[in-house]
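Got chain A; can you put chain B on it based on the hints?
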Amino acid sequence: MASKRPVAKARLRNSLVGLGFAAPFIVGFAVFIAYPLVASVGYSFTDFNLFQTPTNIGLANYQAMLHDDRLITSIKNTLLFAGVGVPLNIGIALVGAHLLNLPVRGQPLYRAMAYLPTIVPVVVGAYLWRWLLNPQYGFVDHLLRMAHLPDPNWLLEPGWARAAVIILSVWTVGGTMIVYLAGLREVPKDLYEAASLDGAGIIGKFRHITWPSLTPITLFQSIVLTIAYLQLFAQPYLLAQSRLNESTAGPGDSMLSYSMYLFQSAFVNLKMGYASAMAWVLFLFTMLLTFALLGSARKWVHYVNG
Amino acid sequence: MSTAEVVDRRRADAPQVSRPPRRIPSTFVGVVPLLVMLAFFVFPFLIMVVTGFKTPADIFHAPPKFWPTQWTLQNYAAASDSLPIGRYLLNTCLVTGLSVLGTLISCPLVAYSLSKVHWPGQKPLLLIVLATMMLPPQVTMIPVYIMWSRLGATNSYWPLVVPAFLGTPYLIFMIRQFMMGIPDELLEAARVDGASQFRIYRSVMLPLCRPALVTAGVFQLVWTWSDFLGPLLYLNDPKKYTLSVGLYAFFSEHDVAWGPLMSACVIFTLPALGIFLLGQRFFMNQMTAGALK
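Taken in sequence, the protein lines are chains A and B. Count along the first sequence from 1, then add 238; that gives the number in this note's numbering. Count along the second sequence from 1, then add 42; that gives the number in this note's numbering.
Some hints could be false.
[Claimed, not checked] Simulated restraints, written as ranges between beta carbons of each label pair: (1) A:529 - B:253: 32 to 38 Å; (2) A:344 - B:166: 45 to 51 Å; (3) B:98 - A:293: 51 to 57 Å; (4) A:490 - B:298: 17 to 23 Å; (5) A:530 - B:252: 27 to 33 Å.
Simulated from the structure, these hints should not be mistaken for lab results. C-beta atoms are modelled at their ideal positions from N, C-alpha and C, and glycine is treated no differently.
Isolated chain A (complex conformation) (with noise of 0.2 Å):
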């Protein structure tokens, strides 16, 4: 009995140290994570252009996004650079990684060349890529044209321009293959010995054993991977990056991302409660998605403990 109240007051004490060394995060949390939540969820149902008093419109920004013809557009460059970008990145990832496991001389030097291109900022890999598909100076239609391939103006061509934003956000997909490589070197030996006994031949091998065992990295690499193409920003924006006109997005918008009009309708035109609107769509989206790849998860991804 006489033990209870030292232990309260420990109990009391730790709280007050736990409190005190994740002090700096609670102040994070409040300031730039709640608030901003709340206050961004308020902002959604104004009128607001950062200097005058916002004034409440209730559902009218919600409304005007199903009839903006650039939201619109934005949303199905977002699907299509999402819908390419992440099943492609999967793959090279994943068959990158095998490459990189080969048993060859300089393997780490290897990995390293690899990882490179995530290293270099976007601003540097983007600009790089302009000279790289610049149409008269550039190596890639250089290299296109020795190999008797059609040679496009890469950013002067919607189309071209959006594969111009794929090839960029796969020029950096070292870091999945990395954890591919890792997940690849986890694989327990013995099965690939076992396999053989039984007579099973590459592809075999692959499908029963080597596919199954880097499931789990596959889904979380996707849900990563969606996240970031549907937050794609930077390299269209840059890739488009003109100085005539501050909300250029490619010819014909064909680089405008939904994160990228979501900056213009803030910063260049000042609607700040319709941009509020279009961030709380796009959470909610990616969140759906999310829970949506978790749930898929059930039927094709293999945990080795269960």
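Same frame as chain A, but now just chain B:
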């Protein structure tokens, strides 16, 4: 792809000195795509470096030639003449340095609370940290901007630097995972000696966490160094520009100063790349460990 077979081969041959001749072809089949892939990753980078040393005659030559007929430093001179590259570099260093400092002060503190102080708020707070990692920055971007603008702090470094001092969720989580691996007994010993929690944190925990702290510092450094959206949103005085937003000055209405731009790109890339190469081996493991579990 000869994937499974390749894995099989890795085990079969000891450190790739001599392997049975009949097995060579299938590895060789994989080497060609490997080289093509590496070319895709590295070749653009090489073009950037080489273009930075080319004369205009070589840069604007159709068809393009990889190797310059004449090496020159004139682009580097032109880049620093036409733009205050040194100033942008200094600004970028300032913002990056402060952010790294902020992260190294705040993240381990929070991580310690989430791993080694046993208090009732631990679990809920950990969930909040994880949820925050998933939140799209677009949702908070506008109210945060409005907040800074009301404080009169737009066009300053405050909005770029202050958040780091309040903890970066991803890095908090990474350091927390590392701290979880450190046995409580090590801390108990100090507690028995009568040391306060903060003493234990400072003199026992922090030294043990050095690998995680270096990794977190490098991550924050590379992120802030390359950050584009932050400076784009908050900096409008060219004197305050970081390299991310400053480089656009090489674009004019009708053409682009490709030579100087590429040399400036090299200057922009090298510091981050240098840090990355120094720490490469070391944090490659940390990173994948987090992603796999």
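Hints breached by this structure:
Number 5 - this is the single hint that the structure violates.
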